[in-house]
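Keeping the supplied structure of chain A fixed, place chain B upon it in accordance with the hints.
From first to last, the protein sequence lines are chains A and B.
Be aware that the first sequence starts at 12, since it is given in this note's numbering, and climbs by one per residue.
Be aware that the second sequence starts at 12, since it is given in this note's numbering, and climbs by one per residue.
Keep in mind that a hint or two might mislead.
Remember, identical chains collapse to one label, so a pair may be satisfied in a single copy or spanning two.
No more than 25 Å apart at the CA atoms, straight line, and that leaves these computed lysine to any residue pairs for SDA-like [as the list claims (entries may be wrong)]: (1) 453 / 92; (2) 71 / 46; (3) 283 / 186; (4) 171 / 194.
By construction, these hints were calculated from the structure, which means they are not laboratory data.
As a plain string of letters, each chain reads:
2 protein chains.
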Amino acid sequence: MLESAEIGHKISKAVYAREEPKLREALLNAQYDLSRSGNGPVLLVMSGVESGGRGETANKLTEWMDPRFIRVIAFGPRTQEELARPPMWRYWRVLPPRGRVGIFMNAWYNELLTSHVQGAIDDARLVTYMQAIGGTEQMLTDEGMVLLKFWIHLSKQEQKARLHALESDPRTKWQVTRDDWRAFRLYSKSHQLWERVLRETSTGVAPWYVVEGADERYRNLTVGKILLGAISNAISVKATAPKRSPTPPAPSVIDNIKLIRDLDLTKKLPEKAYESNLPKYQGKLAKLSRHNRFADHSLILVFEGVDAAGKGGAVRRVTGALDARQYVTVPIAAPTEEERAHPYLWRFWRQVPARGGITIFDRSWYGRVLVERVEELCTPNVWMRAYEEINDFEERLVQNGAIVVKFWLQISKAEQLRRFKAREKTSFKTFKITPDDWRNRKKWDAYEEAVCDMVDRTSTEIAPWTLVEADDKRHARIKILKTIVNRLARALKR
Amino acid sequence: MLESAEIGHKISKAVYAREEPKLREALLNAQYDLSRSGNGPVLLVMSGVESGGRGETANKLTEWMDPRFIRVIAFGPRTQEELARPPMWRYWRVLPPRGRVGIFMNAWYNELLTSHVQGAIDDARLVTYMQAIGGTEQMLTDEGMVLLKFWIHLSKQEQKARLHALESDPRTKWQVTRDDWRAFRLYSKSHQLWERVLRETSTGVAPWYVVEGADERYRNLTVGKILLGAISNAISVKATAPKRSPTPPAPSVIDNIKLIRDLDLTKKLPEKAYESNLPKYQGKLAKLSRHNRFADHSLILVFEGVDAAGKGGAVRRVTGALDARQYVTVPIAAPTEEERAHPYLWRFWRQVPARGGITIFDRSWYGRVLVERVEELCTPNVWMRAYEEINDFEERLVQNGAIVVKFWLQISKAEQLRRFKAREKTSFKTFKITPDDWRNRKKWDAYEEAVCDMVDRTSTEIAPWTLVEADDKRHARIKILKTIVNRLARALKR
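Next comes chain A alone, as it looks inside the complex (with noise of 0.2 Å):
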């Protein structure tokens, strides 16, 4: 992939002088028509090698280009902060919204090729982390975004001449680094890697884009020209995608409705038993969370569940025993204008904990495949693909030391109508339940699929489903509390 930006591309001045002023009247117009059009976003991912002037092509777009509609942001070595959670949140946290173009320096592909080159992972790791950068490459395209790699490439004699250049003129010679010569010696040892990663990582969604970099009016031309293309194909994709799919996917297991009809409502604690469980394991769990080695872990809590199941006091019980400094309550209702600018995942990404801390989903990222399949809000193929995603993200906040407990309370639809009713009567309990309560109500078929569906495809070995039984509030309480502090025993024991 790397020989044919080895052999000397050039622009002359005067194609070049004829080429600038149309290609950033194309792309301002772009810019605006993608900014309208909601689409997008567009992301640059910039690598390549040192001295090989992805800055200066950077700054070059920006120049070009409306400031207010185009960002570049440049990552540097890790804050303590960003060493405390998965390695993709860094990222994540800084995504353009849709409508924007991003420009990010140095992003994974950098931190990788180097952690490889300094020996600090091993092939083995390698693979795996291409995998998971191809993960969540697909996703992104998936949720609307363009997606393009630049690399961008000089041979070892360019790079060279360019560092020698720049060092002689006493202009720039501020410019040549000693990182840049270190750099400049491992180029021989680098090329198999580069060539490697960039083969291996060039997907159709997602394809690498390799530039010349000695010339700059050839690199800059070459560079503006693919992300005017890639803006209009942006804009061209329609806003509105079709409510269903052509082919409805299949839901993997058929009746297995069984898994929450099965469960045994009737089961009850009794008062007595409840005052003396609640303080004993409160006190486990308090104790567990400020244990040493939690500092290695983290702690996130999913509440799910029918409406009226109980999740609001189950949570309080919870939190009760905890730290104020330690958790955060996270209710999820719809998403803000900011978060829908933004992929799905993006607003649960944000709140992921440091190592050390707690966060608890009241609701949860599980919305696509419950209520937005329900009341189809998206469509088949995206609640579809959401169980791979959301399974991935577990991976990586499970990788990075996270302890993830999933909560599904169940209660009888008998019993939902005498906590509604209840509800009703009292006046501080009225804004409980709402119209939208009712709705749900009648699509309880409906929902009972979804949930079994996504019992099935998202209780997985590190990250399993609890089912709790609700009819009972202090059964359902006291299993949460167990299961927690079980979990947690388990995590630190080892």
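Showing chain B alone in chain A's frame:
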């Protein structure tokens, strides 16, 4: 102030059972009304003695109220990221937006008191900090926030009794930590300080409420009722303030317009001098920004100027010398929905660089005293108090090591017309000229007056304005680079 909270306030079970449901309902309704009004926010700063029941009360409030509109934030030890920025930064970034209720646990008063008790700050600094807090609280309430400061108190005997009671019950033993007893031993020493700080920081806009914490029912009902009153007050504030206050404040300096008019806009730099000066000063800037001692500083550049004065081009000549990982450029346009829901300075606080970082503001917080003043987007009261708020903001930045360099780029009316017309003719520059520009041009004199007032009132010793004669772009760019280099060199010499 504290004695009245050491006398054993109590509420009977019967009274509580009668009062609680009424209060809950009223709080919920008030929450919805507040949310709809878009007023507020209401912020509770919860302080007090250890084990006084602050946490329990916060939990009770979130249990009573709709969790979607209330958020508790507990502050722990400062992270690396927080330590690298001014002390108030971590509070600014999580301020609740309008329409919401926020509860801050262990916020600025706790930090202040703990630091003083531990001897980390002396009396003089205590006074300085209290003044700084007072300034911030004044600004927040000026911007519509309703600020409630609670001190949950216990007498010395009560605290001791409470700790013993918790410890002797195996179910609550875990709640008492070594820190709690340590705090208890410092009770007598701390009491005087609490009195003093509460007295000196209780202001008309943000008074303290001292609440006895021993009786849970009394504590919860009291805090709940005060909160209810505060939300009701917040709702009743008229959303639309009068466009003009009855007596517009007079500008401090009459006829200071000379400041701008006296600039020698004919200043020119020949091309040859420019070609040698540009790399020279870029080189110096590059070296200084990579200097060891810069790690203790940050650089904040503010670019303001007449339309078409060449801000963008000047910014690019500066960033050309910088490492992309070290700086961010922040173009300031009309505020987003989220930004409008926060105090004016919030969106700038968010962008404050960590030490070692550089932030370049292309337009800035001076919008309030320029465009917002001239276009009457805010009342004279608001922009008049902005001068003080801005000076205060910049002082915080400088105290934390920031070097704040502010440029006003001035061109003549004739030069502006020439540039507007040229832009309209160049296809890729037409995006830079909008109907707004022509409209602003008609208000040339009003802007001139606003600029002179601004420079007059906010050119301080720690953050002076540099007026840049910008009819000649070469002169302007070199003057800007030189100024930055000199300010940096001076700061790093110390």
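Going through the hints against the structure:
Taking identical chains as interchangeable, the C-alpha atoms of residue 453 and residue 92 are never at most 25 Å apart, the minima being 45 Å within one chain and 49 Å between chains. For the identical chains of this complex, residue 71 and residue 46 are intra-copy neighbours only, at 20 Å inside a copy versus 45 Å across copies, given an alpha-carbon limit of 25 Å. In this homomeric assembly, residue 283 and residue 186 come within 25 Å of each other (Cα to Cα) only across copies, at 22 Å, whereas the closest approach inside a single copy is 74 Å. With identical chains, the CA atoms of residue 171 and residue 194 are at most 25 Å apart within one copy only, with a shortest distance of 11 Å there and 64 Å across copies.
In the structure shown, a violation is registered for the earlier hint numbered 1 alone.
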